[in-house]
Each structure stands twice: as structure tokens, then as C-alpha cells.
Amino acid sequence: MSATNKAGYEYYEKSNNCEIYAEIFDGEQIYAKKNFIEYYAKNERDEPYYAKIRNSEYYAIDKYRDEVLIKIGDTEYYAKKDNYAEFYPKQRSGKEILAKKDGIQYYVKDSFNNEVYPKNQYGNEYKISRTHFAKLYNGEIFYPKNSKGDPIYDQIKNKEVYHLDSNQEPIFGKNICGDEVYAKDESLTEYYPLVNGKPFYARKKSSYFKYAKNEKGEIIYPTINNNQIYISEVSVSSFHALENDNFQGFVNYAQNNQKEIYPAITTNNGQQIDRIVNNSYAKNLSTGEYYYPLDSNNNEYVTNDESSPNEFKYAVTSYNVQIYAKDSNGNEYYAKKNGKEYFAKDLTTNNEFYPKDNSGNEFYFSLFNNDSVFAKVGNFFQMYAKKDGFEFYPTLRNGKKLYAKHNFDQYYCKDFITRKELYAQDESNNFYFAKNKFDEEIYAIEANGDEYYFNEKRLAKTTFGDLKYAKKVNGEILKTSIQIPPIPKISYKIDLNGNETYEEDIVGKQICKLDTNKYPIYAKLHSGEEIYPLNEDKKPYFLRWRDFDIYAKDQYGTEIYFDGDDSSVFAKYNNFPFYAKRFVKQAYYPKNSNCDEFINGDYTLNGLATYPRDKMGKSIYPQDASQNEYYIYDISNRVFLFGTNYFVNKNFSTTHEPFYAKDFNKNEIYPPNYQIIQSSMNEGLYAIDKNKYVIYPKNELNEEIYIWSEKGSYELISSYKVNKYATDKYPRFQPGNEEEYFIEMPLNNKYLEISGQSVYPVDEYANEYIPNGMNIIFELGYPITIDNFIIIPNENNKPKYFSNETIEGVTGNGKSKFFEMITKVFCTYSQSIRNVNLQSGKGISAQPEIASSLFRKRIIVIEELSGKIDENLIKELTGDSQTSFRNLYEQNLGGRPTAKLIASTNSTPICTATEAFRARIITFPFNSTFVDFRDSLKTSEQVEHDRYKLERGDFIVDESFLGFFCLIYIHLFKNISFEDGYLHLRPEPLNMREFKEYYLSMTSLYKQFKQYADVQSLTGELTTVGDLLSAIRQFLVETKRVGTVKDEEIVIKFDEEYGHLKKMKTHESIFEMSALDISDEENDEDEEEIPKKKKKASSIVYYENIFIRNLKKK
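Residue numbers (the UniProt record's numbering): 1 to 1114.
I should point out that these hints are in silico values taken from the structure, not numbers from a laboratory.
Treat the numbers as computed from the prediction; the structure is a model and nothing was measured.
Careful: at least some of the hints might be erroneous.
Derived lysine-lysine pairs resembling PhoX-like cross-links, with alpha carbons at most 20 Å apart [unchecked claim]:
| hint | residue 1 | residue 2 |
| --- | --- | --- |
| 1 | 109 | 184 |
| 2 | 345 | 401 |
| 3 | 615 | 591 |
| 4 | 457 | 471 |
| 5 | 71 | 81 |
| 6 | 259 | 698 |
| 7 | 100 | 90 |
| 8 | 553 | 489 |
| 9 | 148 | 184 |
| 10 | 33 | 81 |
| 11 | 513 | 493 |
| 12 | 1063 | 1007 |
| 13 | 1063 | 1053 |
| 14 | 553 | 435 |
| 15 | 468 | 437 |
| 16 | 90 | 80 |
| 17 | 471 | 493 |
| 18 | 376 | 340 |
| 19 | 711 | 690 |
| 20 | 721 | 662 |
| 21 | 386 | 356 |
| 22 | 159 | 109 |
| 23 | 437 | 336 |
| 24 | 159 | 80 |
| 25 | 468 | 489 |
| 26 | 345 | 376 |
| 27 | 509 | 524 |
| 28 | 618 | 690 |
| 29 | 457 | 493 |
| 30 | 615 | 572 |
| 31 | 119 | 174 |
| 32 | 692 | 662 |
| 33 | 127 | 148 |
| 34 | 71 | 33 |
| 35 | 461 | 471 |
| 36 | 509 | 493 |
| 37 | 435 | 472 |
| 38 | 435 | 457 |
Please build the complete structure, drawing on both the sequences and the hints.
Printed below as a string of C-alpha cells:
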């Protein structure tokens, strides 16, 4: 209990030397106060202790209204609830305060010995420090939480980061529901932690894995080797994690190798079944086509349409054609709507098609009761299914076979071999007739077009029930024993030419006549061809009966169009146009005034996709709004239809050669599935652009590919103009009959480049090689074998070493800018001098540029070093000894050179390249490039690509300095040793040494000439001295060295190498004819004596078995 002393301070009474808290009611102890500030009582050890309310301790409050910790020695102690769980004191703001032990803060612990985070005034938990996490009783760390109960991850550059547990596995934070939560990146997208390339997954409170999601709540799939995967556990299907989350956030399937993949469930017997999500099919991304999932028996199956649970929908290709699912045996099957089967179709044209079994045979619905069993093609064509290439009739349950319809007329199946139409049988197994749109029975026809009877006692009937005979194609009647009474003929007036004529009504419209059944009859020409009547505007029109327009017919029974260029030429049924038919019942297109065929909007004739043809017999492709031609899908053969050119060959037989459609720029284009044309020679054909260059087809990975023939892909492509290779591949040639052996072949004498780097082709043994007439790839060096041996190519049984073209400099890559940057960065420590200062012929003349820079600068740059250089001068400049030069009108300046010379060149200068000279220089290719960037690249990206920022203005150093100093650093790092703290020039790397040898070997004027002229040793060839001098002259002119060097220098070297092959020969066949000889010949035309020619012996000097390939002879 407490009392009050004389000063007014409350104090505690003692019992057994221990201060005692006063109690007010129900066991609540209270603190005494000094100056209205609570303070703690002390026990018998003189240590403060907390007061209690019942069994729970509580904190005293200081003058700031903050709760105060008890401190004993160097340790502050937390109060406890119910004598077990510690809890934090709070500041007046509500922020919980950490206690200290030996000056170090520590967390409170709950009754289970788990540490607990304190909370700030906003209710968010916080840590002692960034790396000091609270721990559970088992020693595992966990994350603090915000006021909403979500974990608070540490952040590095706005990206939340995971911490690892003692097993080096990532630790997930948990939300208020107990579900683990993914950390988020800079874009607020959740991400999977990776440890040694392995992703780890958060779990729900229910212990099931869950997916990370982006800021829109869409699922993000984990990836391994750049392929997305589903989350799955041992014995738990990959479908389960999606299903457990009610598919929330599902947008698309996981993607693996350019293909969306289905999640799977595992059956009790361990089999995998693909599962569809949200009633949508997975897609092959490289082709754009959807594909079906597989059930436990490896049968493809179709999904419910989410808009109608009782319907199933087909998958669709990238070119908008539905596809049938297949069972495990490869048999396609129908999907169903409301329990009824229905057709897949081309969604562009709405043409339907049949499924096929694994033998390629089509089949009808399993249950049907009318002609809806037929697949519909075009507007008015029902198609028969085919078995082994033969059309066959569908059969009703009662055994009756059904006829399909063409333009509302029933038509017969045809025998695939004889092309004869076949009658169907009814439910009594008797043949019966097909009927046309007017309910008239029609006869089947033979292959030659003649109608025939299935029974001579069973004649077909007209619309009005009258019997009619079958006819031959020429109109001759095939009579039987049955006599048909004559039908009264309708007679028109006959003109003087024997042609029937129409009468006109009062407005001038020609009027037709009707037969006894009121069926309209066309008038006829004397040839028997029906003619169209004219309306009051003197335009032809159709006769009409039972809502059908009727085509007029020629004398052979072929329906004919009247003249016109638009849809008015088509007969219609209820305003739906349909095509006319020939006497053999095959529809055909009309022709316009230019004799080109045209359509009524439907590119289908007789159930087949068909292009109209122009007057020359060439197919006419349809065009879109941008005048790009496009292909029609042939539903019966399931391929895109190519147009054909109509040819009559020398044997007067016709051929149809296919050709590609073209875009609006007149470049040929492939069909959407990159189907290729097979010529009449059974050879694949490439599409070509308007300039006749090849356009490559593509595979399912969207990669350009070559078309293969019997001998590989090279034979065909080599016959075309090409300006590039197919994607990262050489074409191949098969040298023998063994298919596995192929030689990669170059095109246009150029190497294939992959990611900007030229690569060698390989031979049939997988060894790299240099093709004839091509040079080494310097960046790669000599080709190597499959066993990594270097290959030195041979020419005429001698090793051929390459140099000239391989060290030709690349212009425009920024070398001059590099030098400009050197002078700007090093300022007065550098100087640029002209290249003439190093050329031979200076003698003892004044050289002011060298004299003013050699002893005062650290760097001298010389651009475009060329011509014949003074080796002695360069040795003097690069030596470590005293030398002297003089300015104009001044005495010599002497001393030890302080400057390093850096020179650039795109061509090879001329010198003898002695050993002493070789030791003084380092030669390396300038592979780095300074370029204008459209986008700003980071310094690391510039280094990675060896492409550096180029600013062409006055601020070149400001804009390009990062790339410049990176380049300098890389040069130092590669070529300078820092091992002992000093800069030491490293010995040249082997590849640099080899490059220098190649380069210096070509500083010889003679070797440059040989390389330029391409001097070769070939048996049987000869080169005269005159040819040699001409070649030398060409070389000097082309390399702009006329006057700077003498021809004799090259001739002497040539003789040193090839003098042993030098020969002289006298030619008696060489003669001259004088002017006198010519005049004598003219005066004696009648004489038979041949004019005498004065022979003049002549000798030539030549080199035997030597050939100068690049000699340009005029």
C-alpha cells in the first residue's frame, strides 16, 4: 500500500523489506506517484517490479503519458500477461516500444515462446533493424505485418525481397487469414522466389499451393528454362492449384515451347487427363491453332461452350477452320449440341465438312432422320461423304438411302472409277429417282452424259405426273416398251430465220407462253437453244415458277446465263442467287464482257472450292479491301486452294500449273498455313517477291525454312534468286544415297550470319569448311573439325593462308570518332598528325608535326595510315633511345620519345615488315562500333553488344564518355597486367599475334598484288609477260598507287617465285598480211589462187601453268 509523506509524495509501505503496492478493488494494484508521475515499487532485492491487475502486470506511466519499462542493471524487462506472455509498453501516440538488454533491443515473447513484433502508431508491425527478424520458438524467422494483416517484406529498389530459412529455402509472409503471400516487384506484380534456379510456391492456409498474380489479379506461371509450368505437388494434379483458387485470375494456359499446355489431373490408377479451364482450348502459339485435350485413354475431347452448357464447341485453327477431335485410335468424331451431332466448318465461308476415321474415310451422323445429315458447302450444295474415294449415300433407320441436293435439285452419287451416277435404294431396297426443285424425277447419267434407266419399265415422271423418256446427250430419246402419249407443244410465232419470237404487251415487254400446267416456256432459236425474253427496258429477264427463276437452256440441255457483268445474270430463289448448270449437272461461273468469269459471292462450285478464271484461263484470286489477294480453303481436301494457269502444251494436251497469290505490292504470298505448291514435276515451289527473290515458307515455330527435294534443300533453292538465308540455317545437299549425310551449302558466295556473326557451313562429317571461292571468317579463324582440329584449306595441293580480305577494315564504324574522343579526353597530352609523316621519301627534310609532338605529348594519333611507309622512321619513333627531329627553320630537337603512336587504317600499307619492325607494333581489329542509338542503352548493354553511344555534335565526350571509358577499360583489362600493382603490357594473346602476322604478311606490295589479281597455279594454263604487266597496271590503278611504286618491284618478286616456270616459244602460226597482199586479193577475184600471206615468225615469253584469274582483258 502507499502513503503520502510531508513533501506530498506518495510512497510505498514495506513488508519484510519489500515495498507493497496498494490495492483498490478486485485485486487491482496501483502505482504510487511522485509529482504526479507513477513509479515502481521495489522488492527485497531493491529491484523494481510491475504492479498487477489480477494476474496480469501493467506499465507505469511517465510525465509524457508514455508507459515505462522496468530496468534492472543493463536490462529492461517487459511486463507479462497472466504471468506468461510478454507485451510491449506504449507511447502516448500508441507506438509500442522495444526493451533493451545490454544496450540491444529485443522482442517480447508470447506464451509459446514465439517472438512478437511491436506495432507503430498506425498499427503496422516493425523490426528492430533490417536484418533483425522476430523468430518462432523453433528458430525460424517471420515477417512483420501491416495494419491489414498482410506481411511486410523488405525492399531493395522498390522490389520486395524474400529471406531464406536455415535450409536455404525462401520464407513466405502470411496474411491475416493464414495464407502465405508472395512478394511483389517494382510493378506490384507478385513473383516466385528462386533458389538455384528452382521456383518456390506459397501455400494457402489449407496447405494447397497458390499462384502468384500481377497487379490486375491475373495468374503468373512459374518458369523453368524459359518455359512456363503449372504448380503441382507429388500425388496432386497440376489442375488442383487452379481449381482450388476457383480459377480466379486465369487468363491463358501455361506456355511451353511456343505451345499452351493443359493442366492435368491424375486418376486413381495414375493416368494423366488433360483438363480444360473456363471452357477454352489451349493454342499452339507458333501456328495460332487451338488443339484438343486428351482423356485418360489418349482420346481428344471437346469442351462445353460456356454460353450454353449443353453445347460443345470445336477447336479452331489460326486460319479460322474448326477441327474435329480424335480418339486414341486417330478417328475423328462429332461434337454435340443438345445431344445432337453437328459439323465442323470453315468459319470464313461457313462450309461444313465430315470427320474422318483413321483410314481417311468420311462418315455421317450416327443418328438422323432427314437430309440435315449432309454437310453443306456454299449456299445450296449438300455434299456426300466419301469412303475409299467413293461417294456413298447415308441410310435411314428404315434402310432408305437419301439424296443430297445441289441448287435445290437432288443429285446422284458417282462411281469414283467409271464416273457413272448411281441410283439410291428406298426402304424396300428398290431403286428410286432423285427429284429436282420442281419435284420432277430426274434420270441418272452415264459418264458420257447419256441418261439411263435402272428399270426400263419404270420411267421418271414430270412435275405434273407425266412419264418421260431418258435421253442421250445429243437429245436422242431412249425408248422402251412403254408408250408415252405425245404432249401438246406450245408454239411461238416463227420468223423468217426459223426462230421462235415472243409477243409484246402494251409497254413493250416480251411475254412467254405457258403449257397446259401453266409452266412457263422459253422461245427457241431454230438450233433448239432457248432465248430469254426482254422486259420493257429491253433487258433479258428470267421466267419464274414456284419462287424459282428458271435458266434458259441450249440445245444440249446446258443452262445458260444472259449477257451481263453483275449479279443480275444469276437466277434466284427467294432472292438467293444460284449458278447455272451444264447438261452434266455441273454448275459453272458466268463470264463478263471481258470474258472473265465472276462469282455471286460464293467461291464454290459443285461442292468444291473453285476460283473463277480470266479469259486466258488463269485463276482469279479474291482480294481484300487493301487489294491483297487471298486463298480460299478447300474444305473437301482440307487444304488451301491454289489458283492455276491454263496451258496447252505442244502435244495439244492441257495442263494446269498452280501459282501463288500476291499482296498489293505484287509480292507472292503463302497461304496462312505456309502450304507450298507442288509443280507438275512434283517439285516444291518457292513464293517470290516482285524483284524475283525468294520468300521462304515458315514452320510451326514461325521460322523460315527451305523446301526439300530428293537431294536435300540446296538443289531447289540454288535455282532461285536469293538475298538472304532462311532462319539461321544453310541449305543442305545430299551427296549420296544415305539420307543422314548432308553438306551445308552457301548461297551467293556469302556466309550465313547468326546474331551478326558469320559462321562456316559443315560437310557431311560435321566438319566446318571454306567453300570454293570464299575466304576465311577472320572473327572465327580457320574452320575446325568436329574434333576441334584446325583445318588449313588447300589450293592446288598447297596450304592456302588467308589474309587480305580478312583484314580489310570496316568503314563507318566510328574509328575517327574514337580518335576524336582521345584528343578531347587527353586534351594537350595528345595530338593528331597526318599520315604522310610516316610515308617513305621524307629523307632529312624538316618534320614539324613529329618534332612538335614526339617529345611533348603522350599520345599521337594517325588516321588512315596508307601507302608505302618508312619502317626505319617508325622503329625510331617507337624505340626507347635518343632521337632528333626539327621544325622548319630551326635546329634539331632531340630526346627520348614520350608519345605512343596509335594509327588506324582500312587498307593495308606497304612495307617489308622485318622482324625488328614486327616487334615494335601491335595490330588488332577494331570490332567495336560507335553508332546512333534510337533508344538509350545502359552502359552494361553497350559493353555486351560492343556498340557504343555516338554523338555527332559538339558534346561528343559528354554523350559518349561512358562507352569510351568502357572501351579503354576493356582494352586495359585484356592487355595489361596489374598483378604487382604496376601496369605491365601483357604478351600479345595468341589470336592477336596471329592477326598481326596475317596483317603484316600483306604489307608486302607483291603479296597485295597476288591477292588482288588472284594468281593461281593451274595445270594447262599459261600467262604471258604482257598479261602480267596488264594485271600489275590494273592493280596499281585500282589501289591508286600509280607513280608511287614501280612495276619492276612486282615483276622481280614474281620472277623470284615463278621464274622456273618461265618459257619462250616461237609461233609459226603467227603471221602478218601486208597492204599489198590485200590489194592483190581484191584485183584477182576471179582467180582461184589463194593469196600468199607473208608468215612472220614471232616469239612470246610466258609462265607455264600460271593463271591470273582477275585479269580484265579488253
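How the hints compare with the structure:
1. With a C-alpha separation of about 29 Å, the suggested pairing of residue 109 with residue 184 is violated against the 20 Å cut-off.
2. A threshold of 20 Å between alpha carbons decides the hint, and for residue 345 with residue 401 the separation of about 24 Å lies outside it, so the pair is violated.
3. For the proposed pair residue 615 and residue 591, the alpha carbon gap of about 9 Å is at most 20 Å, so the pair holds.
4. For the hint linking residue 457 to residue 471, the alpha-carbon distance of about 15 Å falls within 20 Å, and the restraint holds.
5. Simply put, residue 71 and residue 81 have alpha-carbon atoms about 18 Å apart, close enough for the 20 Å limit, and the pair holds.
6. Taken as a hint, the residue 259 and residue 698 pair is honoured in the structure, with Cα atoms around 16 Å apart against an allowance of 20 Å.
7. Annotation: proposed proximity of residue 100 to residue 90 holds, straight-line Cα distance about 15 Å (limit 20 Å).
8. Simply put, residue 553 and residue 489 have alpha-carbon atoms about 17 Å apart, close enough for the 20 Å limit, and the pair holds.
9. Restraint check for residue 148 and residue 184: satisfied, since their Cα atoms lie roughly 17 Å apart, inside the 20 Å limit.
10. The hinted pair formed by residue 33 and residue 81 fails the criterion: a straight-line CA distance of about 23 Å is larger than 20 Å.
11. For the proposed pair residue 513 and residue 493, the alpha carbon gap of about 11 Å is at most 20 Å, so the pair holds.
12. Our distance criterion of 20 Å between C-alpha atoms is broken by residue 1063 and residue 1007, whose separation comes to about 23 Å.
13. For the suggested pair residue 1063 and residue 1053, the alpha carbons sit about 17 Å apart, so the restraint of at most 20 Å is met.
14. Of the pairs offered as hints, the one joining residue 553 and residue 435 holds, with about 19 Å between alpha carbons and a cut-off of 20 Å not exceeded.
15. With a C-alpha separation of about 17 Å, the suggested pair residue 468 and residue 437 falls inside the 20 Å cut-off, and the hint holds.
16. Between the alpha carbons of residue 90 and residue 80 the distance comes to roughly 14 Å, so the proposed pair stays at or under 20 Å and holds.
17. Using a Cα cut-off of 20 Å, the hinted pair residue 471 and residue 493 is violated, with the two alpha carbons roughly 27 Å apart.
18. The hinted pair formed by residue 376 and residue 340 meets the criterion: a straight-line CA distance of about 17 Å does not exceed 20 Å.
19. A distance of roughly 28 Å separates the Cα atoms of residue 711 and residue 690; the hinted pair therefore is violated under the 20 Å criterion.
20. As the CA atoms of residue 721 and residue 662 are separated by approximately 18 Å, the hinted pair is consistent with the 20 Å bound.
21. Among the hinted pairs, residue 386 with residue 356 is consistent with the structure: their alpha-carbon atoms are about 9 Å apart, no more than 20 Å.
22. Straight-line distance between C-alpha atoms of residue 159 and residue 109 comes to about 30 Å, which puts the hinted pair past the 20 Å bound.
23. Distance hint between residue 437 and residue 336 is unfulfilled; the C-alpha atoms sit about 31 Å from each other, more than 20 Å.
24. Note on residue 159 and residue 80: the hinted pairing is violated, with a Cα-Cα distance of about 38 Å set against a maximum of 20 Å.
25. Between residue 468 and residue 489 the alpha-carbon distance is near 14 Å, which keeps this suggested pair within the 20 Å criterion.
26. Taking the CA atoms of residue 345 and residue 376, the gap is near 9 Å; set against the 20 Å cutoff, the hint holds.
27. For a cut-off of 20 Å, the pair hint linking residue 509 to residue 524 stands: about 17 Å separates their Cα positions.
28. Proximity of residue 618 to residue 690 is assessed by CA-CA distance (about 19 Å); at most 20 Å being required, the pair is judged to hold.
29. With a C-alpha separation of about 37 Å, the suggested pair residue 457 and residue 493 falls outside the 20 Å cut-off, and the hint is violated.
30. At most 20 Å may separate the alpha-carbon atoms for a hinted pair to count; residue 615 and residue 572 exceed this at roughly 26 Å.
31. Simply put, residue 119 and residue 174 have alpha-carbon atoms about 17 Å apart, close enough for the 20 Å limit, and the pair holds.
32. Proposed proximity of residue 692 and residue 662 is supported: the alpha carbons are some 13 Å apart, at most 20 Å.
33. Between residue 127 and residue 148, the direct Cα distance comes to roughly 17 Å. Compliance with the 20 Å bound is thereby established for this hinted pair.
34. A distance of roughly 18 Å separates the Cα atoms of residue 71 and residue 33; the hinted pair therefore holds under the 20 Å criterion.
35. This hinted pair checks out: residue 461 and residue 471 have alpha carbons roughly 14 Å apart, not beyond 20 Å.
36. At most 20 Å may separate the alpha-carbon atoms for a hinted pair to count; residue 509 and residue 493 meet this at roughly 16 Å.
37. The hinted pair formed by residue 435 and residue 472 meets the criterion: a straight-line CA distance of about 19 Å does not exceed 20 Å.
38. Only pairs whose Cα atoms come within 20 Å are accepted, and residue 435 paired with residue 457 is accepted, the gap being roughly 18 Å.
Violated hints, in rising order: 1, 2, 10, 12, 17, 19, 22, 23, 24, 29 and 30; the structure is consistent with all others.
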